[in-house]
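Novice: Below are the chains, spelled out letter by letter.
There are 2 protein chains.
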Amino acid sequence: MAWKGISDAVIRRLPVYLRVLEEVKGKESCISSHELGKRAGVRPALVRKDLAWFGEFGKQGVGYDVEFLQDELRKILNLDEPLHMALVGVGSLGHALARYNWRRFQIDPLFTIKLVALFDVNPGLVGGYVDDIPIYSVSEIPRIVPEEDIRLAIITVPADAAQETCKALVEAGVKAILNFAPVTLDVPKDVQVANADLSLELQRLAYYIGAEQL
Amino acid sequence: MAWKGISDAVIRRLPVYLRVLEEVKGKESCISSHELGKRAGVRPALVRKDLAWFGEFGKQGVGYDVEFLQDELRKILNLDEPLHMALVGVGSLGHALARYNWRRFQIDPLFTIKLVALFDVNPGLVGGYVDDIPIYSVSEIPRIVPEEDIRLAIITVPADAAQETCKALVEAGVKAILNFAPVTLDVPKDVQVANADLSLELQRLAYYIGAEQL
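Chains G and Z are the protein sequences, given in the same order. In this text, residue positions in the first sequence follow our numbering: the first is 437, and each later residue adds one. In this text, residue positions in the second sequence follow our numbering: the first is 437, and each later residue adds one.
Chain G with its partners taken away, still in its complex shape:
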C-alpha cells in the first residue's frame, strides 16, 4: 500500500510506532496517543497527526486498538507479507549485517523482510553461505534478483564500487536500497535510497554535542 505526498518524516516514525505496539501487545489491548508518543519519543499530537494521514484508527477517550493499529501499520508499510532482500558486499560490515539481519528475522515475527541472497566479487566467498544465506557473484545480480523477487537491497561495498552495484540492482528490479557506502547514489525517481553511512550519522550527531554550549 502507498500514499502520495506524505512526508518521509511521517513514514520514518511509523516503524517506531509499530515497534512500540509490539512491545505493549499482550499487556494492553488499547493504547492512548499519549502512551504511544511517550514510548516512541514523539509528541502525542504528532502521533495523532501522523496516523490521521492514513485513516481514523483511534477512538476519542479510548485510544488505539493495539492489534488493529499494528495490522494497519503493517499494511501501510508493505510488511503484511514477506519481502525479499539482497545484500551486496560481504566484507566485515556486510557479513555482520547479514548475520544481524538474519537473527532479527528469526526472533521478530513482525519482521517480514527476509534476506535471501548475498553478493560479492571475491571468488573465495562466492558459493559459500552466511547462516544458510547463499553468496553469489555480483555478475549473477541480473539473474538472481528477478528469480528471487528481490525488491530491497543493502549495499556494503567500497565507495568506488557502490554506484555500479546500485545500477545493477536497480536494472534487475530493486526498488529500495539501504546504502552503507560513503557515496551519494544516483537512482531513478521510482527508487528510494536510505543512506546508512555511519560517518554521515556521526557527523550529524556531532552537531548536537555543541548544543550544550548554548
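Accuracy of the hints is not assured; some may be wrong.
Pairs count within a copy or across copies, as identical chains cannot be separated in the list.
Said to hold, decoys possible - Derived pair list, reagent style DMTMM-like, types lysine to aspartate or glutamate, alpha-carbon separation capped at 25 Å: (1) K511 - D585; (2) K550 - E492; (3) K603 - E471; (4) K474 - D444; (5) K485 - D444; (6) K625 - E464; (7) K625 - E492; (8) K625 - E459; (9) K625 - E607; (10) K550 - D501; (11) K603 - D567; (12) K625 - E637; (13) K461 - D516; (14) K495 - D585; (15) K461 - D596; (16) K474 - D626.
Honestly, the hints are just simulated from the structure, not real lab data.
Given the structure of chain G, go ahead and fit chain Z onto it with the hints provided.
Specialist: Using the frame of chain G, we list chain Z on its own:
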C-alpha cells in the same frame, strides 16, 4: 558551534553537503547551489535555504567557495577538532563497525571523529584490541569516558542491555548516541540519540516499494 531551533532535517543534510565539497575539492574552487544540490540529491533552492540558516556563504551568480564552505560546515558540525567516541558491544556488528569506523578515520582527513574505546561484558574480549582500539569492561565506563573525554558513543549491545548501557554512558558524560539496538532509548533532553536500528530503516524503505503500485 550550535544554533537553536534549526530542524534536524536541515542538520541531516549538512554532512551530505560536506561530503560533496570534499569530492569536488581540488577540481573546483567554487560550486553553485545547483551543482551542490545535484550531487547531494537536494533541490538547489533547499540547499540555499539550508545554508542561509548559518550565514551568507554564497555569492550571487558565483556560488559557494568550496574550501570556505567546507570550513564553515565543519565548524557548524563541531568537526573542526577531534571528537572522541566509544563503542559498547563488541559482537559481530560492533566489531565490524569498529573496524569500519577506524578505516574511515584513516582515509578521510575530514573525519575528525575518533573511536578511542570499546566496551564489552565478555571477559574473553576485555583487555583485547580491535585495530589498536582497546576493549574495556562496561564497568569501566564511568572511569574511561571522562578520562578520554568521550562525548559520542555507538551502542551495539542486545536490546535488553541497551537502556542500562545508555544510562551508564550518559551519566559518564556522553552527549550523543548512535543506537543500533532495536529499542527506543530514554535519555535526558540534552542528549541526542540517532536510531541506526537496521530493521527500522528497512521497514521504512518497505513503504516506498509499494509506491510503484500508485
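Novice: Would you mind marking each hint as holding or not holding in the structure?
Specialist: Tested hints:
In this assembly of identical chains, K511 and D585 lie within 25 Å of each other by CA distance solely inside one copy; the values are 19 Å within and 46 Å between copies. For a Cα distance limit of 25 Å, the shortest separation of K550 from E492 qualifies neither inside one copy, at 31 Å, nor across copies, at 48 Å. Taking the shortest alpha-carbon separations for K603 and E471, only the inter-copy value of 21 Å comes in at or below 25 Å, while the best intra-copy value is 43 Å. For a Cα distance limit of 25 Å, the shortest separation of K474 from D444 qualifies both inside one copy, at 21 Å, and across copies, at 20 Å.
Both within a single protomer and between protomers do K485 and D444 lie at most 25 Å apart by alpha-carbon distance, with minima of 14 Å and 19 Å respectively. Taking the shortest alpha-carbon separations for K625 and E464, neither the intra-copy value of 41 Å nor the inter-copy value of 28 Å comes in at or below 25 Å. With identical chains, the CA atoms of K625 and E492 are never at most 25 Å apart, being 31 Å at best within one copy and 32 Å at best between copies. In this assembly of identical chains, the alpha carbons of K625 and E459 lie at most 25 Å apart only when taken from different copies (23 Å versus 35 Å within one copy).
Taking identical chains as interchangeable, the C-alpha atoms of K625 and E607 lie at most 25 Å apart only when both belong to the same chain, with a minimum of 13 Å there against 45 Å between chains. Taking the shortest alpha-carbon separations for K550 and D501, neither the intra-copy value of 28 Å nor the inter-copy value of 46 Å comes in at or below 25 Å. For the identical chains of this complex, K603 and D567 are neighbours neither inside a copy (27 Å) nor across copies (33 Å), given an alpha-carbon limit of 25 Å. For the homomeric pair K625 and E637, the shortest alpha-carbon distances inside one copy (24 Å) and between copies (19 Å) are both at most 25 Å.
In the homo-oligomer, the alpha carbons of K461 and D516 lie at most 25 Å apart inside one protomer (17 Å), although the nearest pairing across protomers, at 46 Å, exceeds that limit. Proximity of K495 to D585 under the C-alpha cut-off of 25 Å is found in neither arrangement, the shortest distances being 39 Å within a copy and 49 Å between copies. Taking the shortest alpha-carbon separations for K461 and D596, only the inter-copy value of 17 Å comes in at or below 25 Å, while the best intra-copy value is 45 Å. In the homo-oligomer, the alpha carbons of K474 and D626 lie at most 25 Å apart only across protomers (17 Å), although the nearest pairing inside one protomer, at 34 Å, exceeds that limit.
Of the numbered hints stated above, those contradicted by the structure are hints 2, 6, 7, 10, 11 and 14, listed in ascending order.
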